[in-house]
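Protein chains: 2
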Amino acid sequence: MKSEAAYNDLLKRSREVSLISSTTSLLGWDQETYMPEAGVDYRAEQMGYFAGLRHRIWTAPEVGDWIKSCEDAGLLNDAERGPNVRELRRDYDRAVKTPPDLVEELARVTTMAQQSWQEARKESKFGKFAPLLDKIIELTRRQADCWGWKESRYDALLDYYEPGATSTETAKLLGDLAGKLSALIPIFQKKFEKVPANRLKGNYAKAEQQAFNREVATAFGFDFAAGRIDASTHPFCSGVGPKDCRMTTRYDETDFTDSFFSVLHECGHGLYDQGLNTDHFGTPLGEAVSLGIHETQSRLWENQVGRSRAFWKHWLPLAGKHFPGLQKIGGDEFWLAINRVEPSFIRVDADEATYNLHIVLRFEMEKKLIEGELKTADLPAAWNARFEELFGLKVPDDARGCLQDIHWSGGGFGYFPTYTLGNLNAAQLYRAALKQNAGLQGELDRGAYGSLRQWLKTNVHQHGRRYLPRELMQKATGEPTRADYFIDYLKAKFDF
Amino acid sequence: MKSEAAYNDLLKRSREVSLISSTTSLLGWDQETYMPEAGVDYRAEQMGYFAGLRHRIWTAPEVGDWIKSCEDAGLLNDAERGPNVRELRRDYDRAVKTPPDLVEELARVTTMAQQSWQEARKESKFGKFAPLLDKIIELTRRQADCWGWKESRYDALLDYYEPGATSTETAKLLGDLAGKLSALIPIFQKKFEKVPANRLKGNYAKAEQQAFNREVATAFGFDFAAGRIDASTHPFCSGVGPKDCRMTTRYDETDFTDSFFSVLHECGHGLYDQGLNTDHFGTPLGEAVSLGIHETQSRLWENQVGRSRAFWKHWLPLAGKHFPGLQKIGGDEFWLAINRVEPSFIRVDADEATYNLHIVLRFEMEKKLIEGELKTADLPAAWNARFEELFGLKVPDDARGCLQDIHWSGGGFGYFPTYTLGNLNAAQLYRAALKQNAGLQGELDRGAYGSLRQWLKTNVHQHGRRYLPRELMQKATGEPTRADYFIDYLKAKFDF
Numbered sequence: 001m002k003s004e005a006a007y008n009d010l011l012k013r014s015r016e017v018s019l020i021s022s023t024t025s026l027l028g029w030d031q032e033t034y035m036p037e038a039g040v041d042y043r044a045e046q047m048g049y050f051a052g053l054r055h056r057i058w059t060a061p062e063v064g065d066w067i068k069s070c071e072d073a074g075l076l077n078d079a080e081r082g083p084n085v086r087e088l089r090r091d092y093d094r095a096v097k098t099p100p101d102l103v104e105e106l107a108r109v110t111t112m113a114q115q116s117w118q119e120a121r122k123e124s125k126f127g128k129f130a131p132l133l134d135k136i137i138e139l140t141r142r143q144a145d146c147w148g149w150k151e152s153r154y155d156a157l158l159d160y161y162e163p164g165a166t167s168t169e170t171a172k173l174l175g176d177l178a179g180k181l182s183a184l185i186p187i188f189q190k191k192f193e194k195v196p197a198n199r200l201k202g203n204y205a206k207a208e209q210q211a212f213n214r215e216v217a218t219a220f221g222f223d224f225a226a227g228r229i230d231a232s233t234h235p236f237c238s239g240v241g242p243k244d245c246r247m248t249t250r251y252d253e254t255d256f257t258d259s260f261f262s263v264l265h266e267c268g269h270g271l272y273d274q275g276l277n278t279d280h281f282g283t284p285l286g287e288a289v290s291l292g293i294h295e296t297q298s299r300l301w302e303n304q305v306g307r308s309r310a311f312w313k314h315w316l317p318l319a320g321k322h323f324p325g326l327q328k329i330g331g332d333e334f335w336l337a338i339n340r341v342e343p344s345f346i347r348v349d350a351d352e353a354t355y356n357l358h359i360v361l362r363f364e365m366e367k368k369l370i371e372g373e374l375k376t377a378d379l380p381a382a383w384n385a386r387f388e389e390l391f392g393l394k395v396p397d398d399a400r401g402c403l404q405d406i407h408w409s410g411g412g413f414g415y416f417p418t419y420t421l422g423n424l425n426a427a428q429l430y431r432a433a434l435k436q437n438a439g440l441q442g443e444l445d446r447g448a449y450g451s452l453r454q455w456l457k458t459n460v461h462q463h464g465r466r467y468l469p470r471e472l473m474q475k476a477t478g479e480p481t482r483a484d485y486f487i488d489y490l491k492a493k494f495d496f
Numbered sequence: 001m002k003s004e005a006a007y008n009d010l011l012k013r014s015r016e017v018s019l020i021s022s023t024t025s026l027l028g029w030d031q032e033t034y035m036p037e038a039g040v041d042y043r044a045e046q047m048g049y050f051a052g053l054r055h056r057i058w059t060a061p062e063v064g065d066w067i068k069s070c071e072d073a074g075l076l077n078d079a080e081r082g083p084n085v086r087e088l089r090r091d092y093d094r095a096v097k098t099p100p101d102l103v104e105e106l107a108r109v110t111t112m113a114q115q116s117w118q119e120a121r122k123e124s125k126f127g128k129f130a131p132l133l134d135k136i137i138e139l140t141r142r143q144a145d146c147w148g149w150k151e152s153r154y155d156a157l158l159d160y161y162e163p164g165a166t167s168t169e170t171a172k173l174l175g176d177l178a179g180k181l182s183a184l185i186p187i188f189q190k191k192f193e194k195v196p197a198n199r200l201k202g203n204y205a206k207a208e209q210q211a212f213n214r215e216v217a218t219a220f221g222f223d224f225a226a227g228r229i230d231a232s233t234h235p236f237c238s239g240v241g242p243k244d245c246r247m248t249t250r251y252d253e254t255d256f257t258d259s260f261f262s263v264l265h266e267c268g269h270g271l272y273d274q275g276l277n278t279d280h281f282g283t284p285l286g287e288a289v290s291l292g293i294h295e296t297q298s299r300l301w302e303n304q305v306g307r308s309r310a311f312w313k314h315w316l317p318l319a320g321k322h323f324p325g326l327q328k329i330g331g332d333e334f335w336l337a338i339n340r341v342e343p344s345f346i347r348v349d350a351d352e353a354t355y356n357l358h359i360v361l362r363f364e365m366e367k368k369l370i371e372g373e374l375k376t377a378d379l380p381a382a383w384n385a386r387f388e389e390l391f392g393l394k395v396p397d398d399a400r401g402c403l404q405d406i407h408w409s410g411g412g413f414g415y416f417p418t419y420t421l422g423n424l425n426a427a428q429l430y431r432a433a434l435k436q437n438a439g440l441q442g443e444l445d446r447g448a449y450g451s452l453r454q455w456l457k458t459n460v461h462q463h464g465r466r467y468l469p470r471e472l473m474q475k476a477t478g479e480p481t482r483a484d485y486f487i488d489y490l491k492a493k494f495d496f
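Chains as they are written, first to last, in our numbering: chain W, 1 to 496; chain X, 1 to 496.
No lab work stands behind these hints: they were computed from the structure.
Mixed in with the good hints, there may be bad ones.
Said to hold, decoys possible - Reference excerpt, derived from the structure (chain W facing chain X, CB under 7 Å, subset only):
1. 19
2. 23
3. 37
4. 39
5. 42
6. 92
7. 227
8. 241
9. 243
What the hints assert, rightly or not - Rough simulated footprint, nothing fancy, chain W against chain X, three-plus residues with beta-carbon under 8 Å:
10. 227 to 241
11. 385 to 399
By construction, the Cβ of each residue, glycine as well, lies at the ideal position given by its N, Cα and C atoms.
One chain only, chain W, in its complex shape (with noise of 0.2 Å):
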């Protein structure tokens, strides 16, 4: 059959997309751990190389014709081989719309401004960053109106990372958030008056911060053997193969919690990605469905359950056996140190509420630069004027300011506001797996975390792309995508 033979090439042609963007996931994780500072030029190179013939390959005019086989044979129907076409086609006709020089020229670019945004940030000079941040800001502009949008050239971006999702109204759904946490904050706030900011500041010794982590993210269920951990300026999770997932973080010897939270989180994204059906590796029913999506499993791991009482009740001495310091501080005391909520100016370093508000400023921003109505050069100005009305605080530098984080480096416009779907939708899957299950608090109060993990895989990861992010939500929790369950969660925690 005609259908079947084009069915065959096109996931063959899938798979090579993906032999050839699981290499340059590997370049990129090895730019970030271990590549010597002068290999970042022909690295840019290796990039762009890549991403061109990636590029190729995947628009070359067969593979427009194998869909449109598919689809005119009713494949769209078929239980496995729907979603599959379904996919390619949004993959396809997003990667046509996109000239090839642009897709060259963006991955040489951004290679060079992580570099730039590395030193920039260090010195805490945003004019070092300013010109290739501009460049990029052009160059994803270009890639929006190649992808074509109706309301706002940035609903073509947040489509990338999040299918369905528009500018509108995400802008509403963070604009209410933003109204609630806003009243809440202040009431959380009060109760952790008494919290001294640096509460767990000691010393912890970078190896047994590396042995508690992978004992905590072992019984998370994590495979070592498929997996690893290493060090790099900003934590990252990456996939480079069905059974090879990179994550990183970052040591402070005089605070724990940096390392571990992280690793709390990317172990999220890594049990995400073990979690795949590797029989479908490299094609979409074997691939992660949005970066909103992703993100409920770093949130759910690191803060629903790695920020509980039940979860400290249970590691908290086995932490002290690793951190002699901790062994004279209490319990609740603990708790009180680690979910803190006060403003501050380092999103990763944010507390579960007021991170949101963090993200509400980004979301701004980024939209305003990529809509044109605010101007690379006054990014510094209006980032420190729009913190202070949210945060009631005055930015010192820009190091903890607009030059923090490393994703407008890559070319990660319509990337941020996925953190905040992901907390609510985090908040939402939780519920519906404590809903669904009468003996998971139990074993989550015993440090037991398979059936919480099986529940996830079997509602989550398995799937892959098989459904849409708000279809997801539907089938999993019943309902779809809400901010209540979020705030719910954040009261009964928060307002004791």
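Given chain W, put chain X in place with the hints provided.
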């Protein structure tokens, strides 16, 4: 001009091939250093894919046309473009004689075999590795037949690593050398009778080894902004970009000399890599000329420099700062301990004199395996019998016998003889450098290596593949390769 365009297209394609090759070098480096074990199958697929891709774009008909246009236009007589065209013709002819399916299969099988070899070596079970080794030999024989040969199938492989070398000539050279060495080794060995084998056994913390290794590599002139040292089962050095050179070593905390001399060795390779002309990266003028010449650099820094009395007169007090146990060992005693001549099982641990007998053994074995005179299953018995003849020792197990080296698992037949060619040429180059630079020995005595490195850069590194190995030796030393200088060097050193 037509030939001008053809030459430019040809160089562009050569650089594209290098983009792919350098990426597979990184994939290979990662596999040996950081890749989690479950990643091996997919890594094999990646390696196979890129080997096939590289082969496809390099054997495309237009490449042959470009080379012919350049040749027809007389570019071979051009000082700059001539060597590039000549060497690209050599590479092209060899590549078009290899069927793509064979390239992909060899890449895939050798990637799996390297994992299998590691396990087999660990358990000292040749049988575990034998099926994949047998498959590699079968594929390598097919490869040799495709490349073509006259006297011996093995010639096709040898010429790949050392352009111009032949089995007959190499057998004669190694045979002569083995004869002379057999007479000298008992004399040398006597000098070390009173030096206990374990004189330097002690406690050498890994972190201190790393610091000392780095100190010496920096003094040699290795640029750590453009390179690094990691750990792997078998030390190696791999250029993964024009300014990105990765060395590896392994650590034994009871004996710092294991990691130390392997770093000096790999550093010699690294200095060659860093001494190449980066403007020519991705073209023959920017590539190392042969494995044998590469090995002159590693051996010269490891042995002629690093095992000399002058070297340790300078470095022993500094080593003592890292390893206090060394402080009570005298200079003569230390020098005797690191130069101890004694037949032993492991090639990479062998002294400078007996080392070459290990190569004679491997050369004989692999020549027979390739020529079909020895079956894979019979290798351990043949190895052990010949080892006893050459060394007077019974091989206790396969891990200390035919399983000790990584080379065959990677398909590297014809590779081993280049080590001894390296030894001969290293002695000849070192002698020429000292003869041509009156003040050089004085600098080396002071731990200053800039002049030696510069001499090697000028006479070896910067030429890339401009000259064939034998021409390069003629230019640098004024005469063709001779074994005498190596024998003279050993006599002067060990017949004290």
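The hints, checked one at a time:
1. 19: Interface hint status for residue 19(W): holds (5 Å vs cutoff 7 Å).
2. 23: Holds, about 6 Å.
3. 37: holds, 5 Å
4. 39: holds, 4 Å
5. 42: Holds: closest Cβ of chain X sits about 4 Å from residue 42(W), inside 7 Å.
6. 92: violated, 21 Å
7. 227: holds, 6 Å
8. 241: holds, 4 Å
9. 243: With a minimum Cβ separation of about 4 Å from chain X (threshold 7 Å), the hint on residue 243(W) holds.
10. 227 to 241: holds (count 5)
11. 385 to 399: Since three or more residues must qualify, the claim that chain W covers the region 385 to 399 of chain X is violated, with 0 doing so at under 8 Å.
In terms of the numbered hints stated before, the structure departs from hints 6, 11, listed from lowest to highest.
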